[in-house]
Amino acid sequence: MSRAAPMAKLALLALLGAFLLTPERFASLLRPFAPGDTAPIYTQTPLLTLTVNHLLLVAAATLAASVLAVGFAVAATRPGGRDVLPFARALANLGQTFPPVAVLALAVPVFGFGPVPTLIALVLYGLLPVFETTLTGLTGLDPALMEAARGMGLTDRQRLTQVELPLALPMILSGIRLTAVIGLATATIGSTVAASTLGEVIISGLLTGNTAYVLQGGLVVSALAILIDAAFHALERAATQRSGFRS
Amino acid sequence: MIELTGVSRVFGARTVVSDVSLTVEAGAILTIVGTSGSGKTTLLRMINRLVEPSAGTVRIAGRDIRDVPPHILRRGIGYAIQGHGLFPHRSVAENIAVVPRLLGWDRRRIAARVDALLDLFRLDPGVYRDRLPAALSGGEQQRIGVARALAAEPPVLLMDEPFGALDPIIRGQAQADLLAIQRRTGTTIVLVTHDMDEALRLGSRIAVMDRGRLVQEAAPAALIGAPATDFVGALLGRGDRAFQLMALRVVDDLIEPGPAPGEPIPAGISVRAALAESLWSQRPALPVSRDGVLLGRVTRAALEAQGARP
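Residue numbers (our numbering), protein chains in the order written: chain A, 1 to 247; chain B, 1 to 310.
Worth double-checking, as some hints may not be accurate.
[Stated by the list, open to error] Which chain A residues face chain B? A few, computed with CB under 10 Å, are given here:
#1 Gly140
#2 Ala144
#3 Gly153
#4 Thr155
Don't read these hints as lab results, they were simulated from the structure.
Where a beta carbon is used, it is the ideal one built from N, C-alpha and C, also for glycine.
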């Protein structure tokens, strides 16, 4: 990666922070996109509050999806777990292909309006990347290494926690990164069923024909996605170096 | 030390090891030699329960190994394999410390043991302790692999083609190191190889496997002198057997008083190397010295006699 890229990311972070803390200072920039005399900055709920809620929702969903998917992948790669693989893969594929909007529609009658249907949709949507990368990481280990670990007297559990997971960590992190980034964009639709996310700004803009709202909601989400992607890339590099492979 | 009695292993319809009985004395080096698919690796892996025998028993120090849980058994047996199997995410010191840590040694004892082993393998602890395996040469990785196998001072060491991935020069050095270390520690070693020269050089006993069966088990000189089957003869390469025999023996017993011209050869070198020197320098007798002290001479006739059928 070039030297300019981290600087650009830092600048983006500073810009995002400034916009969320004092959005009114950017009013003149967005003015041309707001029709007539309507306010160019969304104020029904503070943008900072929406951003925090949005991030919390995505973080909770990413965490839950990661735990489930890593669990499935670990179970599927154990000697007795061959039967788990088709089931886990089917579930992960279904979660990825079934539209999140349809999940919302199905979940609302059961769980009511609020963050829960969105959480379920995001978890299902986020299983596949983590599951597939973890599976690749765990099955791609050097057989000589696993043989040596067994021959030295590590138990199954010790092999998993001391050898397999640490060595698969860079792959697992790349899956979690994909899930987090997909989740950030997808979470916006949660506001159609009253979850508090940045989607609220975009939907409000859509309903009132205020392009400035749509832009600010969309741009904040993109900036968050770029920054989180960069943070995970840095984590993956650190994990790769720690696992003894030259990156 | 290790007793195999009627050991067999069947995979599906294939009998990989068939009714093998063998005893390895304490402090001996048994080399198991055979072509690929001869069952030699499976035989080795049954000693630490990486493979369970379909029939027969394996005893170590008189105890049936089925009485010990596999992971506990393996912590008491050193295990070194081709391609070393070092953990890439752990430093050299952490790799060597794997088994001592599993056994619950305290940190000071582990640290002292790691440094002692690095010294034993002529690797400066200050330089190598904190390196990752990726920062080592192939020969260094192999030495760390063997050091790791010896870390908890196991009475038995199992080695599966441990030097197979090394180039010939480093391989020769690794073999010499292993012999020197084994002489100091007295570890009982079972080593699998497909290379008869390696088996002859390292083994105090040699077991030859052919299609799952043990066809001969003998001391190196006896094996060369009287191969039990054509297969053993083919593995030996019959044309060379006089020289193979001479390579096993050292000149020390052949020294006689008397003068000889030219540079002395050192005591302890093989009859084969001494004969080669005698032919090369066209000297019918060579002076022999140890640490600069002249011991006497050895004649070409005495050297040649060592190549005769035993």
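Return the numbers of the hints above that this structure violates; sort them in rising order. Failing hint: just 1.
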